[in-house]
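Q: Could you fit the two chains together into a complex? Lean on the hints.
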Amino acid sequence: MGNREPSRPSLASLFAAFVSIGIMSFGGGLAAWIRREVVQRRGWMDDQQFLSGYALSQLVPGATNVNLSVFIGTHLRGAAGAVAALVGLTALPVAIVLALGAIYLHSRGMLGGALFSTALTGMGAVAIGLNLGTGIRLGRLHIRRLMPILVTAVIAISIGVLGFRLLHVLAVMLPVSLALAWLEQRQ
Amino acid sequence: MIATLVQLALLFGGLSLLAFGGGTGVLPDMQRAAVDAHHWLTGPEFLDFFAISRAAPGPGSLIVVLIGQKAAGLAGALVSFAAMFGPSCALVYFAARVWHRAAHAAWRALLERALAPVAIGLTFASGLALIRGTEHGWVAYAVTTVATLTFAFTKLHPLALLAGGAVVLLLAG
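Keeping their order, the protein sequence lines are chains A and B.
No gaps in the numbering here: position 144 of the first sequence is 144 in the numbering used here, and each next residue is one more.
No gaps in the numbering here: position 159 of the second sequence is 159 in the numbering used here, and each next residue is one more.
Next up, chain B with everything else stripped away, as it sits in the complex (with noise of 0.2 Å):
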């Protein structure tokens, strides 16, 4: 128990300072030691809990606690949680303390105005790259167009469209 609790926080914690570019990237490398190394679980539980947690409100990499759970109940999940998360935010959290120190820096405004277009590029980027990294069927490029058109043109709630993604795709099923 306590060894395996050992081999989570390792494996989460070397990851978190590794995704580069958010959470998905370290996922082949996630699958290969929980499946393949360590056997917390099979490939397809994989990934269904790579579903489950893209699905459930929160981050993708939420999927780390689905894995601790499956392999050390509830203290698993939660080692696998502080692993994953805290290492990368103790970076953050000293990034934009510089960052909030040079408010009136010209280099900061400079690089406001580099950065903007860099980040709506990443915001395209990435769901471009869900859809690429997903069996995406005909209805559900339909739903994601639709959904594309829909929040950025009118004003109706996430909520209700992603209630309708969810009953299109169940009548289509």
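Just chain A, with the same shape it has in the complex (with noise of 0.2 Å):
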């Protein structure tokens, strides 16, 4: 990775990529989605600047995905490439959840309302695999030495099992992996 010079998309071309990432998504998945467009299918950025990207998208309050989404319109093309991603990737979902939220309100207690919470709850249990299989993949490509994978290890379950704060786990394993990236730099 990173060896080829990523390729600078222009803003209509961006727009539709965050239009494609928007309607495709589902659920929790959303940064396996960014990911397949920007990087693997696209090329616009490597892995590496899509994960600080990623993390740095976690530190600033606000939803992940949209914030990575403002992250990579930014990065691409300064403030329009902001509002084009940001546009892009939320005008159809939110047209489509107005009309889910419309729908459900008048079938509820039917039976078609039944059958649509139902294959909601799949299409989220997927979705969280979604999430956890990105999880796997980035970690096969990036993660080698045992410290790194130590600080992922520490990070997933501490908060998504042990239910920490998030802020409190960020605390403390930033510097972690920030002197942990030092040391190895200085070998």
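Hints listed in this document are in silico derivations from the structure and should not be mistaken for laboratory results.
Just so we're clear, the structure is a prediction, and the values are computed from it rather than from any experiment.
Each residue gets a CB set at the ideal place from its N, CA and C atoms; glycine is no exception.
Just so you know, not all the hints are guaranteed correct.
[Said to hold, decoys possible] Computed spacing ranges between beta-carbons, pair by pair: (1) A/R41 to B/A163: 19 to 25 Å; (2) B/L156 to A/L92: 19 to 25 Å; (3) A/H106 to B/L10: 26 to 32 Å.
[What the hints assert, rightly or not] Some but not every residue of chain B turned toward chain A, in silico, with C-beta under 8 Å: (4) T4; (5) V6; (6) G14; (7) A19; (8) R32; (9) P57; (10) S61; (11) A116; (12) V118; (13) I120; (14) T123; (15) V168; (16) G173.
A: Here it is in structure tokens:
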């Protein structure tokens, strides 16, 4: 990775990419879709840039994947790119969510309503798997040494299983990871 | 009407800047304000809105447009959207500008190396936290496991997986 210089997209193709990300991404799997479109399919960023943007997006308050889209838009095309990514990502989903909300409010108590919510549950379960699968893919590509593996595992378990607050975990693990990267660089 | 719009803007504008770690962290606060304080919707409606926004395309925080729509119609939805995403996106924009200008700085290369394992850990954490936060039955666990492995090790299109997940739950139910 990082060997070829990433190409800089036009505003229109940036917008189009985020429209397709927005429309195809269900549930919690958004980061998986964004990486697939921006890194794998279009080559606008390499994985390291993507991952640093992803981590920064978690440090700033707000929905991580919206932040990530704005980060990518800004990185590629400045302020106009940020707006293109945000509007592209959210315009169709907002319309769809509002339509689903209206259907939900009108179909409550009917058979269709129950089937609808069962299907939503199934898609939600898959969406969680897309998140975990992305973690496995990225881990296999980018984490080879023992210490970074431990950093990843501690963060995943402390927040995801033990329910520690993100702020508390990052306050400890970010300095640890920085120190490890610095030591590795000096060797 | 105007009063409701102002209340929506203040509530979600404030939560936007408090939502460290993504949108899910502020859901308890959101529920308390929208259901108990303002009575815009009932508790069960809030949970169903959450399920809709999580399973529909787009970020889960779009639950705010459903709450806004219920409280004050289309204007409420738009105000809620702008309030929830405007402040945090502005912050990201300025952070990204700083990041971009430091393209060749040594501190950025170091930070990128340090952030990679952190970001991957957070990816796992978000999936695991979602499992913890929902009523995950054994069918849902099986679906999540199969989806995880399939997405990690094959090139099957995610939309096929999502459709499969919906079908399995419909058949199992």
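Q: If a hint holds in the structure, say so; if it does not, say that too.
A: Hint-by-hint comparison with the structure:
1. At roughly 21 Å, the beta carbons of A/R41 and B/A163 sit within the given window of 19 to 25 Å.
2. Checking the proposed 19 to 25 Å range against B/L156 and A/L92 shows it holds: the Cβ atoms sit about 24 Å from each other.
3. Here the CB-CB span from A/H106 to B/L10 is close to 30 Å, well matched to the stated 26 to 32 Å.
4. For B/T4, the suggested interface contact is broken, since its CB lies about 17 Å from the closest CB of chain A, more than 8 Å.
5. Annotation: interface hint on B/V6 violated; nearest CB of chain A at approximately 21 Å, more than 8 Å.
6. Hint status for B/G14: violated, given a least beta-carbon distance of 11 Å to chain A, over 8 Å.
7. Hint status for B/A19 relative to chain A: holds, with the closest Cβ pair at about 5 Å, below 8 Å.
8. For the restraint placing B/R32 at the interface with chain A, the shortest Cβ-Cβ distance is roughly 18 Å, beyond the 8 Å limit, so the hint is violated.
9. For B/P57, the shortest C-beta to C-beta distance to chain A is roughly 5 Å, which falls under 8 Å, so the interface hint holds.
10. Checking B/S61 against chain A: minimum C-beta separation of about 4 Å stays under 8 Å; hint holds.
11. Interface restraint check for B/A116: the shortest CB-CB distance to chain A comes to about 5 Å, inside 8 Å, so the restraint holds.
12. With a cut of 8 Å, the hint placing B/V118 at the interface with chain A holds, because the nearest CB-to-CB distance is about 5 Å.
13. Interface hint at B/I120: satisfied, since its Cβ lies 5 Å from the closest Cβ of chain A, which is below the 8 Å cut-off.
14. Given hint, B/T123 at the interface with chain A, holds; its Cβ is 4 Å from that chain's nearest Cβ, closer than 8 Å.
15. Interface restraint check: B/V168 against chain A, minimum CB-CB distance 6 Å, threshold 8 Å, status holds.
16. Look at B/G173: its Cβ gets to within about 5 Å of chain A, closer than 8 Å, so that hint holds up.
When each numbered hint is compared with the structure, violations occur for hints 4, 5, 6, 8.
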